[in-house]
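Student: Here is how the chains run, residue by residue.
2 protein chains.
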Amino acid sequence: MDAKTYAQQAFDKAGTVGQVYWVACGGSVIDLYPAHCLVEQHSPSMESGIYTAAEFTALPPARLGEHSVVVTCSHSGGTRETVEACQLAAERGATVLAMTNNAGSRIDNGQWPCWIYQWEDATPQLEKPAGFTIVFAAELMRLQDGYQGEEALVRGIGQLDGIIAAAKPRVEAELGPRFVELCQSHDFLYILGSGPTFSQTYGFAICSLMEMQWQNCSYINSAEYFHGPFECTEEGVFYFLQKTGGATRHIDERAEDFLKTHTGDLMVLDSLDYGMDAVDADVRTYLDPIFFYEMNVSLRGVRGKAFDHSPEYRRYMGKVEY
Amino acid sequence: MDAKTYAQQAFDKAGTVGQVYWVACGGSVIDLYPAHCLVEQHSPSMESGIYTAAEFTALPPARLGEHSVVVTCSHSGGTRETVEACQLAAERGATVLAMTNNAGSRIDNGQWPCWIYQWEDATPQLEKPAGFTIVFAAELMRLQDGYQGEEALVRGIGQLDGIIAAAKPRVEAELGPRFVELCQSHDFLYILGSGPTFSQTYGFAICSLMEMQWQNCSYINSAEYFHGPFECTEEGVFYFLQKTGGATRHIDERAEDFLKTHTGDLMVLDSLDYGMDAVDADVRTYLDPIFFYEMNVSLRGVRGKAFDHSPEYRRYMGKVEY
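These protein sequence lines are chains A and B, in that order. At position 225 of the first sequence (counting the first as 1) the number is 225 in the working numbering, and the numbers step up by one without a gap. At position 234 of the second sequence (counting the first as 1) the number is 234 in the working numbering, and the numbers step up by one without a gap.
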């Protein structure tokens with residue numbers, strides 16, 4: 001069943017949709033952020049909210065109810081907080097759609113529809129959670145609001161596979177060595193980004209670097225950089241800017257201009273230099289996060305090889321009690 | 001004019017309020033977060049959204065319009081992004097309420113109501129933006145939804161002044177020296193918190209430490225800690241946990257249990273140990289951020305003295321072009 005069919009099913013069950021809530025943890029909630037932004041910025045009738053699952057359950061929105069659609073994701077299918085969030089949403093009468101890579105797991109238990117996705121290198125972006133939820137959101141808005149941007153989004157997501165395949169070896173070759181060198185010479189870095197891409201700024205930090213490389217780092221929204229964080233900028237502090245080709249590009253550029261003249265240890269990954277210029281400007285804002293996710297994967301891979309630290313290796317996750 | 005009168009005025013102008021949007025930058029947007037959470041979790045009829053101002057203007061919510069109330073804050077009154085956000089909101093027909101410490105500044109220009117607040121040590125919390133906006137939000141919900149929690153909130157905010165005055169010297173004496181020592185022996189720290197208090201986790205990082213102490217650090221939502229960041233935890237990595245007495249305390253406790261057994265360099269500031277236990281449990285969730293803000297001020301002050309780095313000193317902000 002594809003994203004449009006799931007959207008039709010959710011629309012039929014919820015009747016008028018008042019709220020769309022996106023709920024998951026870590027890398028999974030990050031993947032839902034572009035779809036959240038799309039609804040937020042394009043639906044005249046639906047509210048959109050995004051939550052880390054434990055907070056959603058501890059402090060649920062008052063409007064969670066029968067006109068709410070709650071989209072969740074647990075890659076392993078066993079994330080306790082996410083399953084609990086699904087249960088709460090279902091108890092409140094909301095329409096739940098769960099997603100997982102693991103058929104038959106705890107979240108795929110028959111209590112709500114569950115979309116099982118593949119997660120292979122060759123899996124098209126349309127069939128992974130970020131692309132799928134963008135189409136789901138667009139279709140929900142088409143059904144309820146007459147939204148007309150869906151075709152451009154689907155076309156753009158279709159372009160991503162080729163763009164990413166071409167960009168990966170280039171980013172690995174052109175940015176990889178310096179990234180490794182700067183990681184070797186610094187204990188710590190700041191990652192900057194803005195707009196929907198900020199989800200992957202956070203993702204580069206908490207998933208690719210903290211989790212998979214034990215690399216200490218922080219993440220800053222470029223729009224907040226001049227409101228405190230820039231006072232830390234000086235020679236010797238390492239910054240990595242994810243420069244979007246989307247609607248908040250001017251925000252990233254303002255940070256870049258300052259960084260360029262205040263630290264030598266700046267790296268910039270501009271999506272427009274790596275193929276995203278081919279994507280319709282109207283939808284690029286929402287698709288850049290998918291591009292940046294894949295570049296995060298590339299860069300952690302290059303770093304992992306240089307540091308002899310496989311991105312697959314964990315010391316705690318799934319190994320010890322917590 | 002007090003918060004309730006401003007709320008009545010906004011309610012009269014907007015008619016039915018569909019959305020409350022909280023918009024500012026850095027420390028100012030942080031102060032609006034508890035009120036955002038309050039509406040989010042208690043209003044059956046109003047959506048609530050919070051934005052850093054440049055993103056609000058670049059990617060405004062589709063529902064921004066005549067039934068929206070937009071609350072903004074610029075401490076200096078000159079924050080370009082925040083003034084632009086006010087202008088956009090006003091153009092869309094929204095009801096704008098601005099707040100500033102600086103009467104007659106760019107944001108206090110007669111285009112929208114502007115509440116001028118004091119920002120002295122002796123200013124009661126009810127008359128500072130975080131306390132004011134909580135009451136504003138509660139009154140808006142009372143008018144539209146018949147919300148009944150306002151009295152408890154006002155009583156709790158009234159208690160804060162005494163609690164904070166008593167806590168400050170204790171936190172400075174009991175936590176200050178070790179905080180200084182750990183800052184001296186580490187280039188970097190992680191700050192953890194959850195729920196409405198997460199705003200002050202972020203605030204401790206970007207305002208008190210990055211901006212005012214040039215101390216590199218990162219901020220992690222306790223609810224996300226086990227979904228990536230905890231793989232960085234090991235002996236020698238410095239963590240500071242803001243342990244809330246509110247509804248997400250169990251989330252902080254889970255992180256604390258792991259941290260206690262995996263690093264010796266952990267500091268915990270538990271609001272319940274410093275007087276917040278006297279506040280009604282129902283409202284503590286929303287008032288803990290105000291408590292933690294004031295403790296952030298205390299700790300940066302202690303650090304500033306030890307490092308001979310006044311929290312008032314800036315090298316860039318207001319000094320160079322950006």
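Derived by calculation from the structure, the hints in this document are not laboratory data. The reader is advised that the hints may include incorrect statements.
[To be verified] Here are a few chain B residues that sit away from chain A, every Cβ distance over 12 Å (derived from the structure): (1) Ser43; (2) Gly110; (3) Glu150; (4) Ala152; (5) Val154; (6) Ala165; (7) Met212; (8) Gly264; (9) Asp273; (10) Gly275; (11) Ala306; (12) Arg315.
[Unchecked claim] Calculated pairs, EDC-like style, for lysine to aspartate or glutamate (alpha carbon to alpha carbon, straight line, at most 20 Å): (13) Lys4(A) to Glu172(A); (14) Lys260(B) to Glu321(B); (15) Lys168(A) to Asp273(A); (16) Lys168(A) to Asp270(A); (17) Lys319(A) to Asp257(B); (18) Lys319(A) to Asp273(B); (19) Lys319(B) to Asp308(A); (20) Lys305(A) to Glu151(A); (21) Lys13(A) to Glu172(A); (22) Lys319(B) to Glu234(A); (23) Lys305(B) to Glu174(B); (24) Lys319(B) to Asp257(A); (25) Lys260(B) to Asp273(B); (26) Lys13(A) to Asp2(A); (27) Lys319(A) to Glu66(B); (28) Lys319(B) to Glu235(A); (29) Lys305(A) to Glu172(A); (30) Lys305(B) to Asp187(B); (31) Lys305(B) to Glu127(B); (32) Lys319(A) to Glu127(B); (33) Lys4(B) to Glu127(B); (34) Lys260(A) to Glu321(B); (35) Lys260(B) to Glu321(A).
The beta carbon of each residue, even a glycine, is placed where N, CA and C say it ideally should be.
Student: Now tell me if each hint is right for this structure.
Tutor: Hint check:
With a closest Cβ-Cβ approach of about 5 Å to chain A, Ser43(B) is found to fall inside the 12 Å limit, against its non-interface label. Listed as outside the interface, Gly110(B) is consistent with that label: its C-beta sits roughly 25 Å from the nearest C-beta of chain A, beyond the 12 Å cut-off. Glu150(B), annotated as away from the interface, keeps every beta carbon of chain A farther than 12 Å; the closest lies near 15 Å. In this structure Ala152(B) is separated from chain A by more than 12 Å, as the shortest Cβ-Cβ distance comes to about 17 Å.
No Cβ of chain A approaches the Cβ of Val154(B) within 12 Å, the least distance being about 20 Å, so the stated non-interface status holds. The Cβ of Ala165(B) sits about 26 Å from the closest Cβ of chain A, beyond the 12 Å cut-off, so the non-interface label holds. The Cβ of Met212(B) does not lie farther than 12 Å from every Cβ of chain A; its closest approach is about 7 Å, which violates its non-interface assignment. With a minimum CB-CB distance of about 17 Å to chain A, Gly264(B) clears the 12 Å threshold, and the non-interface call stands.
With a least CB separation of 21 Å from chain A, Asp273(B) remains clear of the 12 Å interface cut-off, as annotated. Every CB of chain A lies more than 12 Å from the CB of Gly275(B), the least distance being 23 Å, so the non-interface label holds. Remark: the non-interface label on Ala306(B) is consistent with the geometry, its nearest Cβ contact in chain A lying 18 Å away (cut-off 12 Å). At roughly 6 Å, the least C-beta separation between Arg315(B) and chain A is not larger than 12 Å, which violates its mark as non-interface.
Between Lys4(A) and Glu172(A) the CA atoms are separated by roughly 35 Å; this puts the pair beyond 20 Å, and the hint is violated. Between the alpha carbons of Lys260(B) and Glu321(B) the distance comes to roughly 44 Å, so the proposed pair goes past 20 Å and is violated. Between Lys168(A) and Asp273(A), the direct Cα distance comes to roughly 12 Å. Compliance with the 20 Å bound is thereby established for this hinted pair. Note on Lys168(A) and Asp270(A): the hinted pairing holds, with a Cα-Cα distance of about 13 Å set against a maximum of 20 Å.
A threshold of 20 Å between alpha carbons decides the hint, and for Lys319(A) with Asp257(B) the separation of about 16 Å falls inside it, so the pair holds. A threshold of 20 Å between alpha carbons decides the hint, and for Lys319(A) with Asp273(B) the separation of about 34 Å lies outside it, so the pair is violated. A C-alpha spacing of about 44 Å is found between Lys319(B) and Asp308(A), which places the hinted pair above 20 Å, so the restraint is violated. Restraint check: the Cα-Cα separation between Lys305(A) and Glu151(A) comes to about 40 Å, which exceeds 20 Å; the hinted pair is violated.
For the hint pairing Lys13(A) with Glu172(A), the CA-to-CA distance comes to about 46 Å; that exceeds 20 Å, so the pair is violated. Among the hinted pairs, Lys319(B) with Glu234(A) is consistent with the structure: their alpha-carbon atoms are about 15 Å apart, no more than 20 Å. For a cut-off of 20 Å, the pair hint linking Lys305(B) to Glu174(B) stands: about 16 Å separates their Cα positions. Of the supplied pair hints, the one linking Lys319(B) and Asp257(A) holds, its CA atoms being roughly 16 Å apart against a limit of 20 Å.
In summary, the hint linking Lys260(B) to Asp273(B) is supported, as the alpha carbons are separated by about 18 Å, within the 20 Å threshold. For the hint pairing Lys13(A) with Asp2(A), the CA-to-CA distance comes to about 17 Å; that is within 20 Å, so the pair holds. A threshold of 20 Å between alpha carbons decides the hint, and for Lys319(A) with Glu66(B) the separation of about 53 Å lies outside it, so the pair is violated. Restraint check for Lys319(B) and Glu235(A): satisfied, since their Cα atoms lie roughly 18 Å apart, inside the 20 Å limit.
For the hint pairing Lys305(A) with Glu172(A), the CA-to-CA distance comes to about 12 Å; that is within 20 Å, so the pair holds. The straight-line distance between the Cα atoms of Lys305(B) and Asp187(B) is roughly 18 Å, inside the 20 Å bound, and the hint therefore holds. Restraint check for Lys305(B) and Glu127(B): the C-alpha separation of about 29 Å exceeds 20 Å, so the hint is violated. With a C-alpha separation of about 50 Å, the suggested pairing of Lys319(A) with Glu127(B) is violated against the 20 Å cut-off.
Taken as a hint, the Lys4(B) and Glu127(B) pair is honoured in the structure, with Cα atoms around 12 Å apart against an allowance of 20 Å. With a C-alpha separation of about 14 Å, the suggested pair Lys260(A) and Glu321(B) falls inside the 20 Å cut-off, and the hint holds. Note on Lys260(B) and Glu321(A): the hinted pairing holds, with a Cα-Cα distance of about 14 Å set against a maximum of 20 Å.
Hints 1, 7, 12, 13, 14, 18, 19, 20, 21, 27, 31, 32, counting from the list given before, are not met by this structure.
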